[in-house]
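Trainee: One letter stands for each residue in the lines below.
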Amino acid sequence: MSVVIETKALEKIYSESKFPVHALRGVDLQVHKGEFTAIVGPSGSGKTTLLNIIGGLDRPTKGRISVGGVDIAHLSDNELIEFRQKNIGFVFQSYNLIPVLTAKENVEFIMLLQNRSKEERIRRTESLLNRVGLGDRMDNRPGEMSGGQQQRVAVARALASSPQFILADEPTANLDSKTAGSLLDMMLEMNREEGTTFVFSTHDSRVIRRARRVITLVDGLIDSDEIREQ
Amino acid sequence: MVVITAMALGIWSLLFILGFSHGIAGSYMRNTIDTQTSHVQVHHPDWKEDNEVKYSIALPADVQSEMEKLQLQTCSRIIANGMIASSRQARAIQVRGIDPKDEALVTGLQNFMVEGSYFEKKTRNPILISTRMAELLKLKIRSKPVITLTTMDGEITANAFKVVGIFDYKNTMLNEALVFVLNKDLDPILGMNGKVHEMAAKGEDSALAKQYRDALKSGLPGLLVESFEEVAPELAMFRTQMMQNTAILTSIVMLALIFGIINTMLMAVLERQRELGVLMAVGMKKGNVFLMVMLETVFLALIALPIGLLIAFATVSWLGKVGVDLSRYSDGLKNFGMSAVIHPELGLHMYIYIGLAVVVTALIGAIYPSLKAIRLRPVEAIRKV
Ligand SMILES: Nc1ncnc2c1ncn2[C@@H]1O[C@H](COP(=O)(O)OP(=O)(O)OP(=O)(O)O)[C@@H](O)[C@H]1O
Ligand SMILES: [Mg+2]
Numbered sequence: 001m002s003v004v005i006e007t008k009a010l011e012k013i014y015s016e017s018k019f020p021v022h023a024l025r026g027v028d029l030q031v032h033k034g035e036f037t038a039i040v041g042p043s044g045s046g047k048t049t050l051l052n053i054i055g056g057l058d059r060p061t062k063g064r065i066s067v068g069g070v071d072i073a074h075l076s077d078n079e080l081i082e083f084r085q086k087n088i089g090f091v092f093q094s095y096n097l098i099p100v101l102t103a104k105e106n107v108e109f110i111m112l113l114q115n116r117s118k119e120e121r122i123r124r125t126e127s128l129l130n131r132v133g134l135g136d137r138m139d140n141r142p143g144e145m146s147g148g149q150q151q152r153v154a155v156a157r158a159l160a161s162s163p164q165f166i167l168a169d170e171p172t173a174n175l176d177s178k179t180a181g182s183l184l185d186m187m188l189e190m191n192r193e194e195g196t197t198f199v200f201s202t203h204d205s206r207v208i209r210r211a212r213r214v215i216t217l218v219d220g221l222i223d224s225d226e227i228r229e230q
Numbered sequence: 231m232v233v234i235t236a237m238a239l240g241i242w243s244l245l246f247i248l249g250f251s252h253g254i255a256g257s258y259m260r261n262t263i264d265t266q267t268s269h270v271q272v273h274h275p276d277w278k279e280d281n282e283v284k285y286s287i288a289l290p291a292d293v294q295s296e297m298e299k300l301q302l303q304t305c306s307r308i309i310a311n312g313m314i315a316s317s318r319q320a321r322a323i324q325v326r327g328i329d330p331k332d333e334a335l336v337t338g339l340q341n342f343m344v345e346g347s348y349f350e351k352k353t354r355n356p357i358l359i360s361t362r363m364a365e366l367l368k369l370k371i372r373s374k375p376v377i378t379l380t381t382m383d384g385e386i387t388a389n390a391f392k393v394v395g396i397f398d399y400k401n402t403m404l405n406e407a408l409v410f411v412l413n414k415d416l417d418p419i420l421g422m423n424g425k426v427h428e429m430a431a432k433g434e435d436s437a438l439a440k441q442y443r444d445a446l447k448s449g450l451p452g453l454l455v456e457s458f459e460e461v462a463p464e465l466a467m468f469r470t471q472m473m474q475n476t477a478i479l480t481s482i483v484m485l486a487l488i489f490g491i492i493n494t495m496l497m498a499v500l501e502r503q504r505e506l507g508v509l510m511a512v513g514m515k516k517g518n519v520f521l522m523v524m525l526e527t528v529f530l531a532l533i534a535l536p537i538g539l540l541i542a543f544a545t546v547s548w549l550g551k552v553g554v555d556l557s558r559y560s561d562g563l564k565n566f567g568m569s570a571v572i573h574p575e576l577g578l579h580m581y582i583y584i585g586l587a588v589v590v591t592a593l594i595g596a597i598y599p600s601l602k603a604i605r606l607r608p609v610e611a612i613r614k615v
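So the sequence lines, in the order shown, correspond to chains A and B. If you read the first sequence in our numbering, its first letter stands for residue 1, the second for the next number, and so on. If you read the second sequence in our numbering, its first letter stands for residue 231, the second for the next number, and so on.
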């Protein structure tokens, strides 16, 4: 399987505050296409920091990060935005849908940024929303949906751009465990059936149980990396 | 919503004030042109320097025919400075010898009569004096003041005139300065032999005054031909002053508008930094984010603009029709030849200028908030709950 994410001796030091924080202290990591990987670890261990750097939202202090073979640490801001748009799907902890847009529009919007044809946008939006089980909520705005439903829209939105992989920072943290479970089931199904690569961080043991690879971070370093057979 | 209302109100009040001041200025200018300066005047080249009787127009008939070629309404005047005296008092005045029919058509002097009549009864040496003069000299209809003048030959003559009418220009300066007698009475007194001092003409439109002047100039070499702005330079000054005031007032309002827009849009950007952060995280280019905030601002302006313009247009036209009576508040206007009833007015071009100014202002005001929006860093913007 091909490597989509590769980091070498990745370090991140937050130096804005009085005491610099060494959030990542040399992370070596490879993620292959089709993985369903959980990043776990105690609070403050650097999970969010790692995902932000992998996602091109933040830059490393030291070390290398390449995504799909591209060294993204050296892209300009606008190149980075375009890179994210084409290659990475994001699911955020607090959904972060655009409140004034309907479910359909939230998903379609991403493809609009990619200049896809209207026909394709509509077809893909409908199939994605059906796929995440929201075929009947297409015209609802985020405010009219439950957290679980909103997060499903967020997953559909992340998939809409046909990214190389999807990054999700604690996607289930705001959901009750039953909803979290079914969201995870849905993600797993997409991973199995369509080979979508997922990398997500979580604290939730039930979510961890479903992961096929579990990377544990402690104090900004990889403490264990466990691949499970399903 | 609040911004839109505030913007619309700002636009409205600006246009309203402008309408008011343009109304005052317009009526003052029109009044002065209609009743005093006319559109063009012709004099002997030296007459302006020194209103001496000898500086006269030798061939008034030629001037008249030139003016009639342009289809202008014309009148001619013999003008002499002198003294008017009653049994009580004497005052310096300017005596104007006019042809009542022509004068009526050009300056409408008959409309200012408040007592007596406008040279209607046949009397020897009739004279029109102002209310002010009547008061100062204790003169009434049928009184006989004596007017002392210097003739063409430099001799001093005194003649009795009979008051047949009293006018009121509603302008203290004019009321104190002018008396009117008949052209044909004054001519022999001064020894004019048909010559006159001033010929005034009025056409269709005061905007054409300069054209009239240029046309007359070429036909009347050796005479001084002037448009109303040259006859009364204060009119030109008044107009420039008005334009300056308009510009200053507009700038002030636009400045306020800019700060209002910056404030509102900054709030809007900060309120939505999470959304904007997400948009940039999922791949919206900075240029597009910038454009989005700009467009939103212009959109606000484009909603507020027609509202403000429309209300302003409605108020200005309505008040323009019914007029605003300020006589209770200001006696002062009268002394400057301004009417106490003001009819606000505003040319269509002003609405267009202000509209454009608002759009430009909105664009300028939007720049800073838009820059602020693209400087947001997605990681930080999204973390904020
Ligand atoms: N912008 C920042 N400035 C300074 N320090 C930061 C910043 N972001 C994170 N940190 C610090 O870096 C370390 C790693 O933070 P990070 O958010 O990556 O941890 P995490 O594993 O995601 O934690 P959690 O499970 O609580 O989300 C922490 O000590 C945190 O305080
Ligand atoms: Mg975190």
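Derived by calculation from the structure, the hints in this document are not laboratory data. On a predicted model such as this, the values are computed, not experimentally measured, just so you know. Heads up, a few of these hints could be off.
In silico DMTMM-like cross-links for lysine to aspartate or glutamate, where the CA-CA straight-line distance does not exceed 25 Å [unchecked claim]:
#1 B:602 / A:79
#2 A:118 / B:505
#3 B:516 / A:79
#4 B:515 / A:105
#5 B:515 / A:176
Here's a subset of chain B near chain A, in silico, CB distances under 10 Å, partners left out [as the list claims (entries may be wrong)]:
#6 505
#7 507
#8 509
#9 510
#10 511
#11 514
#12 516
#13 518
#14 521
#15 525
#16 554
#17 607
All residues carry an ideal CB built from backbone N, CA and C; glycine is no exception.
Trainee: Does each hint hold? Answer for all of them.
Mentor: Cross-check of the supplied hints:
1. Proposed proximity of residue 602 of chain B and residue 79 of chain A is supported: the alpha carbons are some 20 Å apart, at most 25 Å.
2. Of the pairs offered as hints, the one joining residue 118 of chain A and residue 505 of chain B holds, with about 24 Å between alpha carbons and a cut-off of 25 Å not exceeded.
3. At most 25 Å may separate the alpha-carbon atoms for a hinted pair to count; residue 516 of chain B and residue 79 of chain A meet this at roughly 10 Å.
4. Note on residue 515 of chain B and residue 105 of chain A: the hinted pairing holds, with a Cα-Cα distance of about 18 Å set against a maximum of 25 Å.
5. For the hint pairing residue 515 of chain B with residue 176 of chain A, the CA-to-CA distance comes to about 35 Å; that exceeds 25 Å, so the pair is violated.
6. The beta carbon of residue 505 of chain B is positioned within 10 Å of a beta carbon in chain A (closest approach about 6 Å), and the interface hint is therefore held.
7. This hint holds: residue 507 of chain B has a C-beta 8 Å from the nearest C-beta of chain A, less than the 10 Å allowed.
8. Restraint check, residue 509 of chain B versus chain A: the minimum CB separation of about 7 Å is within 10 Å; hint holds.
9. Annotation: residue 510 of chain B was flagged as interfacial toward chain A, and the flag holds, the nearest CB pair being 6 Å apart, inside 10 Å.
10. Because the smallest distance between the Cβ of residue 511 of chain B and any Cβ of chain A comes to about 6 Å, under 10 Å, the interface hint for this residue holds.
11. Annotation: interface hint on residue 514 of chain B holds; nearest CB of chain A at approximately 6 Å, less than 10 Å.
12. For residue 516 of chain B, the shortest C-beta to C-beta distance to chain A is roughly 6 Å, which falls under 10 Å, so the interface hint holds.
13. Proximity of residue 518 of chain B to chain A holds as hinted, the smallest CB-CB distance being about 8 Å (cut-off 10 Å).
14. Given the 10 Å rule on beta carbons, the hint for residue 521 of chain B is violated: about 13 Å separates it from the nearest Cβ of chain A.
15. Taking 10 Å as the C-beta contact cut-off toward chain A, the hint placing residue 525 of chain B at the interface is violated, the least distance being around 15 Å.
16. A least Cβ separation of about 45 Å between residue 554 of chain B and chain A goes past the 10 Å threshold, and the interface hint is therefore violated.
17. About 8 Å separates the beta-carbon of residue 607 of chain B from the nearest beta-carbon of chain A, less than 10 Å, and the hint is met.
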